[in-house]
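Asks: Residue numbers (my numbering), protein chains in the order written: chain A, 1 to 287; chain B, 1 to 287.
Check the hints yourself; a few may be wrong.
Straight line, CA to CA, 27 Å or less: simulated BS3-like cross-link-like pairs of lysine-lysine [stated by the list, open to error]:
(1) A:K53 <-> B:K270
(2) B:K53 <-> A:K270
(3) B:K194 <-> B:K263
Some residues of chain A that are not near chain B, with every Cβ distance over 12 Å (derived) [claimed, not checked]:
(4) D23
(5) P115
(6) S167
(7) P171
(8) A173
(9) A175
(10) A184
(11) K194
(12) F195
(13) C205
(14) P248
(15) P254
These aren't lab readings, by the way, just hints derived from the structure by calculation.
Just so you know, even glycine gets a beta-carbon here, dropped at the ideal spot from N, CA and C.
Number of protein chains: 2
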Amino acid sequence: MEHRLLDYFLAVAEELHFTKAADKLGITQPTLSHQIRLLEHEVGTPLFHRSGKRIHLTQPGMILMEHARRVIHELEQARFEIGELAGLKRGRLRIGCSGNHLITQALISFHRQYPGIDLNVVELATDETHEGLLGNQLDLGVVFLPLEDEQLVSLPLYDEELALIVSRHHPLAAAASVTLDLLAALPLVLFQPKFLVRQIIDTACAAGGLILKPVMELSTMESQIQMVVHNVGGTVLPFSYAGTLRNPDIAVVPFAEPIPRKKVGLVYRKNMYLDHTIQAFIAHLTH
Amino acid sequence: MEHRLLDYFLAVAEELHFTKAADKLGITQPTLSHQIRLLEHEVGTPLFHRSGKRIHLTQPGMILMEHARRVIHELEQARFEIGELAGLKRGRLRIGCSGNHLITQALISFHRQYPGIDLNVVELATDETHEGLLGNQLDLGVVFLPLEDEQLVSLPLYDEELALIVSRHHPLAAAASVTLDLLAALPLVLFQPKFLVRQIIDTACAAGGLILKPVMELSTMESQIQMVVHNVGGTVLPFSYAGTLRNPDIAVVPFAEPIPRKKVGLVYRKNMYLDHTIQAFIAHLTH
DNA sequence: TCCAATTATTGATAATTTCTATGATTATAA
DNA sequence: TTATAATCATAGAAATTATCAATAATTGGA
Numbered sequence: 001m002e003h004r005l006l007d008y009f010l011a012v013a014e015e016l017h018f019t020k021a022a023d024k025l026g027i028t029q030p031t032l033s034h035q036i037r038l039l040e041h042e043v044g045t046p047l048f049h050r051s052g053k054r055i056h057l058t059q060p061g062m063i064l065m066e067h068a069r070r071v072i073h074e075l076e077q078a079r080f081e082i083g084e085l086a087g088l089k090r091g092r093l094r095i096g097c098s099g100n101h102l103i104t105q106a107l108i109s110f111h112r113q114y115p116g117i118d119l120n121v122v123e124l125a126t127d128e129t130h131e132g133l134l135g136n137q138l139d140l141g142v143v144f145l146p147l148e149d150e151q152l153v154s155l156p157l158y159d160e161e162l163a164l165i166v167s168r169h170h171p172l173a174a175a176a177s178v179t180l181d182l183l184a185a186l187p188l189v190l191f192q193p194k195f196l197v198r199q200i201i202d203t204a205c206a207a208g209g210l211i212l213k214p215v216m217e218l219s220t221m222e223s224q225i226q227m228v229v230h231n232v233g234g235t236v237l238p239f240s241y242a243g244t245l246r247n248p249d250i251a252v253v254p255f256a257e258p259i260p261r262k263k264v265g266l267v268y269r270k271n272m273y274l275d276h277t278i279q280a281f282i283a284h285l286t287h
Numbered sequence: 001m002e003h004r005l006l007d008y009f010l011a012v013a014e015e016l017h018f019t020k021a022a023d024k025l026g027i028t029q030p031t032l033s034h035q036i037r038l039l040e041h042e043v044g045t046p047l048f049h050r051s052g053k054r055i056h057l058t059q060p061g062m063i064l065m066e067h068a069r070r071v072i073h074e075l076e077q078a079r080f081e082i083g084e085l086a087g088l089k090r091g092r093l094r095i096g097c098s099g100n101h102l103i104t105q106a107l108i109s110f111h112r113q114y115p116g117i118d119l120n121v122v123e124l125a126t127d128e129t130h131e132g133l134l135g136n137q138l139d140l141g142v143v144f145l146p147l148e149d150e151q152l153v154s155l156p157l158y159d160e161e162l163a164l165i166v167s168r169h170h171p172l173a174a175a176a177s178v179t180l181d182l183l184a185a186l187p188l189v190l191f192q193p194k195f196l197v198r199q200i201i202d203t204a205c206a207a208g209g210l211i212l213k214p215v216m217e218l219s220t221m222e223s224q225i226q227m228v229v230h231n232v233g234g235t236v237l238p239f240s241y242a243g244t245l246r247n248p249d250i251a252v253v254p255f256a257e258p259i260p261r262k263k264v265g266l267v268y269r270k271n272m273y274l275d276h277t278i279q280a281f282i283a284h285l286t287h
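All chains should be modelled from the sequences, with the hints used to inform the complete structure.
Replies: Encoded structure:
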């Protein structure tokens, strides 16, 4: 039961007049008659009483009319909703992120601008984001660069800088900046070496011939902050993460140059069709 | 957005594999690829991510899938309901009737047999039934024959016979039959001359040289019965109608030959397509 | 780097829709 | 009742569209 036939049928059912309906449809009357005849054969029963000039719907015709109207409506609705995707009135974005703090602000403002778009952000290791992108479980990744892959495109966003976090009672709490030499002398609570943040600070220190000896190694930023609050030691965390904290018990001390930093970037599949939702988010992050 | 394309699309969306979907559909893979491409152009956006061997639905694809499923369901439903008409599980019958008593029993038993069929019976003058049939407001008519019309088919059902109705206290109440001579001598309450029942009895009497002089003329059978009950006079009504009354205050006295009678028949349009509902009712009345 | 699997492309063929011209039927008015 | 105009049906030709077979291009995996 082709859609075209339903359109033809509805036109006749509404006009109750083949010639007028054919005009409305922009086809000739013999074509319309023929096509309705085909539809009647397909349904297996007449849809119209044809008695002379006047025609009327049969019972099957009335039933078909109801359903045909709903079919037309469904298709209109589909077109409308697909149009809404282009208008960013709705949509869905699946993001893999090596630390949600990296894009917290962007998420907030993007959501404010496009409240109809579902944001689905999962905190993942870089490799997981990588796989998610290739396997089409993710639309975008926000990771530390470089991430080398033939099939991915990388878009640098900004430099994530690290900072020292200490208790507000700590002697360095009010310092304008701190050098790595000074840092190495402090009692520290850090990530385990497999974490990227730890690797960044370790690499920066190694460049100056320094080796950090943390008093404690923890796997989450939150727990490290707790240790700082209880004065176990200082910690080294992303500046952008520290900025999101509103904890009066801690102080954020920037590093003096050379500041330990790492590029943060957006990645996505190279041959991926970038729909409007994805494009809008990329534009949002890069402009 | 032709239905065929939606079928193709759903097959691909479910298999997520063009070759397998094409097999399932019984078409070749190039055809399927091409048709999906057409659909994508029509919608204005890709429906699948094609990245190498694996394909995935895009957001518009997901939206279309939902609606396409509903479309398919609507069409299935339409076919099902139209099938139910043929199976007499549902339907509608519009009958014009020159006196509902003529088919009361038939209506009851037909409804018992096919409870899903809506019965719409209106009591109409023969002319109104006639027009209703020609104008397709009615499917069937039950009228007194003959009803001459090029465009109508008449099917005799049975002879409607008239009978005398009198109060149970009336001297004739227990009579086995009554002649027209005797009738003419009684005080009578009858229809006005424009009513068919009156014409039948008048004609029958005229054949014997008799003329009826009713003491009262009324337009409904019910009111005539009331007059009988209150002993204003006897009345002459269809035997079948009198049979439906369960009034202990009246007595029904058949006429002796020649019994005033009139053929009752079924009429419908000659070139009308007789759907299953109508056929079933005709069969019900004539077998 | 090659092999197997998968989708895309191309040109030919088959099927289908549409049109024009005309026929048949029927309401409407002279 | 008989023309007349309006309407739907039919038939054959033309245009469009879907389909196929063969093959190219791409890609994921050994």
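Asks: Find the hints from earlier in the document that the structure breaks and name them by number, from lowest to highest.
Replies: none
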